[in-house]
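Trainee: Each chain, written out:
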Amino acid sequence: MKLGNLWRHLALAVVAVFVVAACGSSNGSGSASCSESTAKTATSVTACGGLDALIAAAKSEGRLNVIALPRDWANYGAILDKFTATYGIPITSDNPDGSSQDEVNAVQQLSTTSRAPDVLDVGIAVALANVNLFAPYKVSTWGDILDSQKEATGLWFEDYGGFMSVGYDSSKVPTITSFDDLLGSAFKGKVALNGDPTKANAALNGVMMANLAEGGSLDDISKGVDFFHRLKQAGNFTPVQATTATVKNGTTPVVLDWDYLSAAHGTDVPTWKVFVPNNAILGGYYAQAINKNAPHPAAARLWEEFLYSNTGQNLWLAGLARPVRQAAMQKDGSIDAAAAAKLPPVNGTPKFLSDAQATAAKNYLVAHWLTAIS
Amino acid sequence: MTIAGSPAVAARVGRPLAGGRRFSLDWVGTLPFFVYVSAFLLLPTGIVAIGALFDANNAFTLENYAHLSRSFVVKSTIDTTVVSAITAVLGAVLGSLLAYAIATGNPNGVLRRVSISASGVLAQFGGVTLAFAFIASIGPAGFVYLFAQSHGFDFYAHGIWLFEPIQGLSLVYLYFQIPLMVLVFLPALDGIKPQWREAAESLGGSTWHYWRYVAGPILFPAFLGGTLLLFANAFSAYATANALINQGAPMLAQQISNAISSEVGAAEPGFAKAIAVQMIVIVTLVTILYSLLQRRTSRWL
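Quick note, the sequences are listed as chains H and V, same order. The numbering used here numbers the first residue of the first sequence as 1 and each following residue consecutively. The numbering used here numbers the first residue of the second sequence as 1 and each following residue consecutively.
In case anyone wonders, no lab produced these hints; they're calculated from the structure. It cannot be assumed that every hint is accurate.
[As the list claims (entries may be wrong)] Dumping the calculated DMTMM-like pairs for lysine to aspartate or glutamate here, alpha-carbon to alpha-carbon at most 25 Å:
#  : chain 1 : residue 1 : chain 2 : residue 2
1  : H       : LYS138    : H       : GLU305
2  : H       : LYS248    : V       : GLU198
3  : H       : LYS40     : H       : GLU305
4  : H       : LYS82     : H       : GLU305
5  : H       : LYS40     : H       : GLU214
6  : H       : LYS172    : V       : GLU268
7  : H       : LYS150    : H       : ASP102
8  : H       : LYS150    : H       : ASP336
9  : H       : LYS232    : V       : ASP154
10 : H       : LYS40     : H       : GLU61
11 : H       : LYS59     : H       : ASP81
12 : H       : LYS232    : H       : GLU214
13 : H       : LYS331    : H       : GLU151
14 : H       : LYS342    : H       : ASP144
15 : H       : LYS248    : V       : ASP55
16 : H       : LYS188    : V       : GLU164
17 : H       : LYS342    : H       : ASP81
18 : H       : LYS188    : V       : ASP154
19 : V       : LYS75     : H       : ASP226
20 : H       : LYS172    : V       : GLU164
21 : H       : LYS248    : H       : ASP268
22 : H       : LYS232    : V       : GLU164
23 : H       : LYS292    : H       : ASP97
24 : H       : LYS188    : H       : ASP268
[Stated by the list, open to error] Label pairs and their computed distance ranges (CB to CB):
#  : chain 1 : residue 1 : chain 2 : residue 2 : range
25 : H       : ASP268    : V       : ARG113    : 36 to 46 Å
26 : V       : ILE166    : H       : LYS331    : 50 to 60 Å
27 : V       : THR129    : H       : SER334    : 35 to 45 Å
28 : V       : ILE166    : H       : ASP268    : 27 to 37 Å
Backbone N, C-alpha and C fix where the C-beta goes; we use that ideal spot for every residue, glycine too.
Starting from the given sequences, assemble the full structure and let the hints guide the process.
Mentor: Written out as structure tokens, the structure is:
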């Protein structure tokens with residue numbers, strides 16, 4: 001790098017700091033600019049000279065790289081399109097069906113190249129294990145997110161989630177009212193998980209839901225594994241991973257999955273029902289994080305501002321995911337009430353896996369899962 | 001390969017270097033090949049084999065290799081090897097019969113051209129598409145099964161064998177193994193000249209004699225080579241198996257995937273490398289077995 005260039009960057013950074021200081025809490029005058037180096041370290045929109053400056057900086061970067069966002073998952077298709085339509089910034093969406101770990105692997109392997117993902121949407125376990133890869137950032141609506149749902153400095157913050165559920169095609173199987181129904185002969189080869197629980201978060205939570213329904217606790221998943229052992233013995237557990245295609249074609253008429261993913265099958269299968277057992281209400285959220293080596297740092301931050309705006313949150317809700325600001329938005333009336341009414345009803349107190357509990361469950365599954373179902 | 005007879009070499013040989021040792025530059029020609037093999041085969045193998053000796057904190061450990069004795073890895077090793085062997089042998093036999101049918105037909109005929117193009121396409125038709133094609137046709141909700149069931153023929157009455165590793169995967173893999181064998185075996189069959197058969201017959205040989213002493217010995221190495229290729233092809237297949245049987249990771253390639261990209265925090269990259277080394281060892285063993293068999297049979301035939 002030429003020395004002159006360095007000075008120019010430094011000067012810009014100094015100017016930006018003064019602008020931010022001058023603007024104070026007045027939240028940006030719109031005339032300030034947000035250079036690349038400022039954007040890289042900006043921990044809030046004000047640190048980048050306000051929303052208009054952030055938008056301008058993101059537009060001049062001209063692109064946003066996202067990864068592992070399936071278009072049919074939590075309404076991401078509409079969210080990606082809306083972002084591009086609003087800001088005119090094209091999005092490169094890599095490996096849409098990848099796992100959280102694939103996202104982290106991409107961040108490490110692509111490092112500082114221009115193809116590296118700017119932003120991540122990962123499971124909590126992966127977020128906690130990789131905080132050294134993230135840049136701290138607090139969205140404008142930071143205050144609406146509960147303290148238990150974010151890292152204090154903004155390295156990661158939960159985005160959307162839901163409850164584990166039993167989704168089923170009521171035209172193919174009898175109505176399900178309790179977990180033990182699944183062991184019946186009407187369910188031969190019909191019950192599926194969304195992935196392998198030693199690998200996929202949704203599947204691990206599926207086993208945990210079975211565990212809670214069978215009287216187990218969050219600390220010990222063994223009853224859930226035992227349930228699947230019996231399910232396999234009865235010939236009811238199918239080894240096919242449930243996807244939109246297998247549900248549509250009827251290969252997996254009963255799926256243990258997050259309610260927001262399951263409810264979305266209703267568009268393909270009108271007789272699809274989603275049931276959240278009262279004795280096993282298990283909640284789970286994903287988290288957003290910004291890659292600290294993001295090739296488009298301003299676009300990455302603008303993406304987060306967009307996701308946590310009322311528009312972004314309501315788009316997730318329209319995809320039947322429960323956005324993290326849902327409670328606050330319900331209070332101030334900015335929630336899309338029609339979309340909220342479509343969520344499957346939940347009666348009871350939801351339980352959430354702590355990090356230690358998730359680790360204990362994972363360790364037990366690694367040691368016992370494959371022998372239990374083979 | 002030798003070029004000792006060429007004048008240029010002879011001239012050089014006639015002028016020994018100091019110390020009497022001949023200096024040859026013949027090996028230079030093989031350099032690109034060895035550089036290529038080192039960069040894309042030996043180096044990755046070395047990285048994987050050595051990487052498996054370290055844990056997540058880069059400390060030396062033998063645990064990753066010790067974990068290969070986990071019961072599910074052992075089971076998956078057996079299943080993978082059995083499925084690969086079954087589909088290699090069946091694929092080779094059926095594929096070579098089909099290739100023979102094509103080779104004896106009209107060399108410019110429509111049937112031959114169609115069969116070869118179809119084999120070219122089908123040999124590459126694998127992965128999620130193929131698995132789903134089977135699920136959608138003969139799966140438990142597939143239209144073929146539902147039709148058969150409604151006509152009193154319930155071929156899943158004793159369990160859904162399509163989702164059992166050995167039966168299910170063998171059936172699905174054969175779909176691309178047979179056409180692949182056709183592609184690799186047809187050139188060998190085309191090399192057989194009809195005059196040889198005529199010669200054998202004019203010398204009083206029967207059909208059995210012709211196959212036993214003429215065509216058989218010529219074709220057998222190509223047949224064995226094709227079988228080995230099919231074995232390796234099935235052994236390393238991943239996407240098809242994963243789409244058909246996701247739970248329990250019955251194939252070794254799926255075990256590697258599970259160990260690399262677990263999003264529940266069960267990622268063990270070192271263990272994944274150990275499994276990869278094990279796969280390399282098995283394929284190497286099969287290759288050695290193949291070359292021994294090749295040498296042995298050349299003596300029998």
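Trainee: Which earlier hints can't be squared with this structure?
Mentor: 2, 5, 6, 15
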